[in-house]
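Those sequence lines, one after another, are chains S and P.
All residue numbers for the first sequence refer to this note's numbering, where the first residue is 1 and numbers rise by one.
All residue numbers for the second sequence refer to this note's numbering, where the first residue is 1001 and numbers rise by one.
These are computed hints drawn from the structure, not numbers from a lab.
Quick caveat, the model's predicted, so the values are computed rather than measured.
Note that CB positions come from ideal geometry on N, CA and C, so glycine has one too.
Wrong hints could be hidden among the right ones.
[Claimed, not checked] Computed list of chain S residues with no C-beta within reach of chain P, every gap over 12 Å:
#1 Pro4
#2 Gly20
#3 Ala78
#4 Arg102
#5 His123
[Unchecked claim] Here are some, though not all, of the chain P residues that point toward chain S, as calculated from beta-carbon distances under 10 Å:
#6 Ala1033
#7 His1041
#8 Ala1230
#9 Arg1300
#10 Pro1304
#11 Pro1322
#12 Val1363
[As the list claims (entries may be wrong)] Quick list of the computed label-pair ranges, beta carbon to beta carbon:
#13 Gly1309(P) <-> Asp12(S): 30 to 38 Å
#14 Gly1025(P) <-> Val66(S): 19 to 27 Å
#15 His123(S) <-> Pro1171(P): 49 to 57 Å
#16 Asp12(S) <-> Lys1015(P): 27 to 35 Å
#17 Gln1219(P) <-> Asp85(S): 33 to 41 Å
#18 Glu1343(P) <-> Asp94(S): 36 to 44 Å
#19 Asp94(S) <-> Pro1334(P): 44 to 52 Å
#20 Thr1342(P) <-> Val66(S): 19 to 27 Å
#21 Ala1324(P) <-> Asp85(S): 12 to 20 Å
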Amino acid sequence: MNIPANLRYTNDHEWAQDNGDGSYTVGVTDFAQDSLGGIVYVELAAEGTRVSAGQRFGTVESTKSVSELYAPISGVIAARNTDLDAAPDTVNSDPYGAWMVRIAAESSGEFEALMDASAYAAHTAG
Amino acid sequence: MSLLQRTPLYEAHLKLGGQMVAYAGWEMPVQYAGKGLVVEHEATRATVGLFDVSHMGEILVEGPGALEEVNRLVSNDVSKLEDGDACYNVLCHENGNAVDDLYVYRLGPERFFLVVNAANTDKDFAHLQRMARQPERITNRSKDFAQIAVQGPNASALLARVSPGEAIGLPRNKIRVHDFHGANLLVATTGYTGEAGFEIYCPPELAEPLWSQLLDAGQDLGVTPVGLGARDTLRLEMGFPLYGHEMDDQTSGYEARVGWAIKPKKAGGFIGGEALLRLQAAGLPKKLVGLELLDRGVPRADYPVLHDGVAVGKVTSGTHSPTAKKPIALAFVPPHLSALGTELAIDVRGQAKRAVVVAFPFVTPGSSFPQ
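Working from the sequences, and respecting the hints, build out all of it.
Here it is in structure tokens:
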């Protein structure tokens, strides 16, 4: 299972990357895409939507199931990856490249509180 | 302690990385590691898929009068079958609604083999015992049979390598005895995928060697183990009903659009037949339709179907079709909204997505039985 060391992780299998400019890029992990199976549809909240940490910002649907996406960080959705509209399966083939949204954060504290790679590895092993 | 039953192939599934789930009281693989639902689905349409369906129930009706007995209990005209023939049936309550759907195989003049849904085996057996004239001639033989389905364009080539015999090359709905290392297999040209192929009934102790040999012998034919996930998307693409979704104790076979297997006017009639004739004459309250979603999203069972913003029905099964690569569903709607081309909507978790009534099967399978 691929768990990059430079990212932070949630219990719900989202990853977040610090862009260094107060914004964070968010997607779902390799573990998540493997559990979901073939992803056929990604629905994301519109740009400008305000989300709180833990709040739903979209859904990922595979042939067999539907899963909610939860924001790792509070802020405003500054961008959404529209490439996923036409090619949702890139979440399976490249979970860390197929980002979903960029969140302009209200503070940096929430990112620091997320799990690091080793904590997330332990979480998925349990 | 788990109360779930395991098939003789449980260990084989674990070895293949089967992701085991509870289904109808059984622990069954939903998909396999390194493959997954879509790969397994596509392999069945393109090459050949191997399915453990040992959870299905088997009931035997034997002895003098077996033909008349079976024909009185099920919806299709079993008197038309010759030895080695099979047909699809609905088992009906006296009010016409469905107890189950099942396959009836005529093994001999006084020997009929009924294959029923796993979740309904006990209910069906109790119903048959209650309704039969000679209940002592009906036995639940589910523990004596495992079942492996071999489905797809390469199914015949694969079976010919492991257990050659008469069933290979026959049209659909036949059953023959094949030899497998000195033991007998019941090999039927039936299935639940829309593909040509076989359903093989065998003693439980033969299931593991048969499964392993089919897997080993079929590597160059693209053989793939297939879990319940793809079994469901394959049958849904064909519009085949699944009991508990398109048919249940409150729904008749007419509503589920399997009227072609319901023969109320056959000689002697059958239990529920008269009620079904009355139901048909009075007009069905609802009708099963195929829907294609025009907006992006995936329809799922129990999502409301809307017409002009008002809930008029519900989705019974839905998925993103791996073959057609679009969202499809089966749904119950009022008959006046069931015409092809009717514009409806599906409430996908609060969002009304546009849908249109289309014909099913939704896809053309990758193989077909000889005529």
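Status of the hints after comparison with the structure:
1. The beta carbon of Pro4(S) is kept farther than 12 Å from every beta carbon of chain P, the shortest such distance being approximately 22 Å.
2. With a closest Cβ-Cβ approach of about 33 Å to chain P, Gly20(S) is found to remain outside the 12 Å limit, as its non-interface label requires.
3. Here Ala78(S) stays apart from chain P, with its beta-carbon at least about 23 Å from theirs, past the 12 Å limit.
4. Even its closest Cβ contact with chain P, about 21 Å, leaves Arg102(S) beyond 12 Å, as expected for a residue assigned away from the interface.
5. Distance to chain P confirms His123(S) as a non-interface residue, since its nearest Cβ pair spans about 19 Å, more than 12 Å.
6. Because the closest C-beta pair between Ala1033(P) and chain S is about 9 Å apart, less than 10 Å, the hint holds.
7. With a cut of 10 Å, the hint placing His1041(P) at the interface with chain S holds, because the nearest CB-to-CB distance is about 8 Å.
8. Satisfaction of the interface hint for Ala1230(P) is found here, the shortest Cβ-Cβ separation to chain S being roughly 8 Å, below the 10 Å cut-off.
9. The criterion of a C-beta within 10 Å of any C-beta in chain S is met by Arg1300(P), whose closest approach is roughly 7 Å, and the hint holds.
10. The beta carbon of Pro1304(P) comes no nearer than 16 Å to any beta carbon in chain S, farther than 10 Å, and the hint placing it at the interface is violated.
11. With 10 Å as the threshold, the beta carbon of Pro1322(P) comes within range of chain S, its nearest partner Cβ sitting at about 6 Å, so the hint holds.
12. Interface hint at Val1363(P): violated, since its Cβ lies 14 Å from the closest Cβ of chain S, which is beyond the 10 Å cut-off.
13. Between Gly1309(P) and Asp12(S) the Cβ separation comes to about 33 Å, which falls inside the hinted range of 30 to 38 Å.
14. For Gly1025(P) paired with Val66(S), a C-beta distance near 25 Å keeps the hint of 19 to 27 Å intact.
15. For His123(S) and Pro1171(P), the Cβ-Cβ distance of about 54 Å falls inside the hinted range of 49 to 57 Å, so the restraint holds.
16. Separation of Asp12(S) from Lys1015(P) is about 31 Å and conforms to the stated range, judged on CB atoms against 27 to 35 Å.
17. A hinted range of 33 to 41 Å for the beta carbons of Gln1219(P) and Asp85(S) is consistent with their spacing of about 38 Å.
18. Between Glu1343(P) and Asp94(S) the beta carbon distance is about 37 Å. The supplied range of 36 to 44 Å therefore holds.
19. A beta carbon spacing of about 46 Å between Asp94(S) and Pro1334(P) agrees with the range 44 to 52 Å that was offered as a hint.
20. Our hint of 19 to 27 Å for Thr1342(P) and Val66(S) holds, since their Cβ atoms are close to 26 Å apart.
21. In this structure the supplied range 12 to 20 Å holds for Ala1324(P) paired with Asp85(S), their Cβ-Cβ distance being about 19 Å.
Hint compliance for this structure: hints 10 and 12 are not met, and every other hint is.
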